[in-house]
Amino acid sequence: MENIRELQAYGYFFFTLFLVVVLYAYILHLYRAEKKGTRNYEKYGKLALDDEIDATPVEPNDKGTDETKENKEQS
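For the sequence shown, counting from 1, position 3 maps to 3 in our numbering; every step adds exactly one.
The set of hints was computed from the structure by calculation and includes no laboratory data. As the structure is a computational prediction, the values presented were derived from the model and not from experiment. Check each hint, because a few of them may be wrong.
[What the hints assert, rightly or not] Between beta-carbon pairs, the in silico distance windows are:
# : residue 1 : residue 2 : range
1 : D54       : Y24       : 47 to 55 Å
2 : K63       : L7        : 29 to 37 Å
3 : E2        : V22       : 25 to 33 Å
4 : K35       : F15       : 27 to 35 Å
5 : A25       : N61       : 24 to 32 Å
[Said to hold, decoys possible] 27 Å max Cα-Cα, derived DSS-like pairs, lysine-lysine:
# : residue 1 : residue 2
6 : K46       : K36
7 : K63       : K36
8 : K35       : K46
Idealized CB from N, CA, C, for every residue including glycine.
Generate coordinates for the entire structure from the input sequences, incorporating the hints supplied.
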């Protein structure tokens, strides 16, 4: 029984360490994307404030326009 508890403790420690590394990698990814200019996360922050049905989208949806055109043509 003591051996299982020791194994659980090691598993818990390494899993927590793994999650911390993943979290910091994600934060670093967000920081680099903001720094390069590929994403502007301030626009996404304004989404909570400008939450109206007729508000302009944050990013254009190029993929969705093709699908909606096909759906309209089929109808």
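Status of the hints after comparison with the structure:
1. D54 - Y24: 47 to 55 Å: Cβ of D54 to Cβ of Y24: about 39 Å, so the range 47 to 55 Å is violated.
2. K63 - L7: 29 to 37 Å: Since K63 and L7 have Cβ atoms about 47 Å apart, the given range 29 to 37 Å is violated.
3. E2 - V22: 25 to 33 Å: The hinted range 25 to 33 Å holds for E2 and V22, with Cβ atoms some 31 Å apart.
4. K35 - F15: 27 to 35 Å: Because 30 Å falls inside the window, the suggested range holds.
5. A25 - N61: 24 to 32 Å: For A25 and N61 the Cβ distance comes to about 28 Å; the hint holds.
6. K46 - K36: holds (20 Å)
7. K63 - K36: Distance of about 24 Å is within 27 Å: holds.
8. K35 - K46: holds (19 Å)
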